[in-house]
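Q: Protein sequence lines, in the order shown, are assigned to chains R and L. Sequential numbering of the first sequence, starting at 1, is according to the numbering used here. Sequential numbering of the second sequence, starting at 1, is according to the numbering used here.
No wet-lab data here; the hints were simulated from the structure. Given the structure is predicted, the values throughout are model-derived calculations rather than measurements. Possibly wrong hints are sitting among the right ones.
As the list claims (entries may be wrong) - What follows is a set of in silico ranges between Cβ atoms, one per label pair, in the way DEER data are often shown:
#, chain 1, residue 1, chain 2, residue 2, range
1, L, L48, R, T200, 32 to 42 Å
2, R, V105, L, W49, 18 to 28 Å
3, L, T20, R, H79, 37 to 47 Å
4, L, S46, R, E120, 27 to 37 Å
5, R, L24, L, G36, 39 to 49 Å
6, R, Q169, L, L48, 16 to 26 Å
From the three backbone atoms N, C-alpha and C, an ideal C-beta is built for every residue, glycine too.
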Amino acid sequence: MATAATHAAHTRSRLKFNRLGLWLFLVTEVFMFGGFLVMRFHLWGMTRPDLDQILGLVVTSILLISSFFMNRAELAIAHNDRRNFLWSLLITGVLGLLFLVGVVVLEWGLVPVRLPWEQEIPHHLRPTDGVYGAVLFGMTGMHALHVLSGVAFIFVVWAKGRRGEFSSQAYWGVEFTAIYWHFVDVVWVFFYPALYLIGTVAH
Amino acid sequence: MTFVILAVLTALEFWVSQVTGGAAVFLLIIAFAKAGLIVEYFMHLSHLWGEEAH
């Protein structure tokens, strides 16, 4: 009995340190992404490039909806609802991939595509297009890298979840992935207005 | 409920940017409100020292 109580106390203690470690890591990330924001306001001031407003709103909405499903997945596993957990996680991962397509393929213009609301194939900024190109690609590139790693975490957790490795009593891996994913969303909460909304279009 | 508020705030910031011509103050206030909601309700910051066995 004493051994079981000791084991439970050890597990709780380890969980606290796991969480603290994750949050300390996120604090270091805040410094990095904060640096990007400072760079943006220093170099662009109250101007911004002429980016596709509809596309910006669409990718932002996709990431927001993915956060909803991530939260749903975490709640589901906390209640041992394995089916809901797996479906919600899968939807989150797919939405994350869609976000990447929106930013990397469409916003960067890797593939020349005319979106339904556009008259013609738009001109896309290049990383070499002065401060506007450099800042845009620096910020969206670093964020996309985090989205990509988040999607990788999601699919690893999904695969482990399919094998029944999580339960309402033990789901730190899910909690870690959820917090990381929501953090990626928080970063975009600031990047979206900084890149698409704040200031007037520079000509 | 948190998701609905976040969706409304996202629509609001889009509208504000169109109406005000991209006024940073209003847009940053909305951004901080959205971030606060996500950190508290999705990331459970206040439960950092909780003892739930995950």
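Q: Are the hints correct? Go through all of them and say.
A: Here is how each hint holds up against the structure:
| no. | hint | in the structure |
| --- | --- | --- |
| 1 | L:L48 with R:T200: 32 to 42 Å | 41 Å, holds |
| 2 | R:V105 with L:W49: 18 to 28 Å | 42 Å, violated |
| 3 | L:T20 with R:H79: 37 to 47 Å | 43 Å, holds |
| 4 | L:S46 with R:E120: 27 to 37 Å | 50 Å, violated |
| 5 | R:L24 with L:G36: 39 to 49 Å | 20 Å, violated |
| 6 | R:Q169 with L:L48: 16 to 26 Å | 20 Å, holds |
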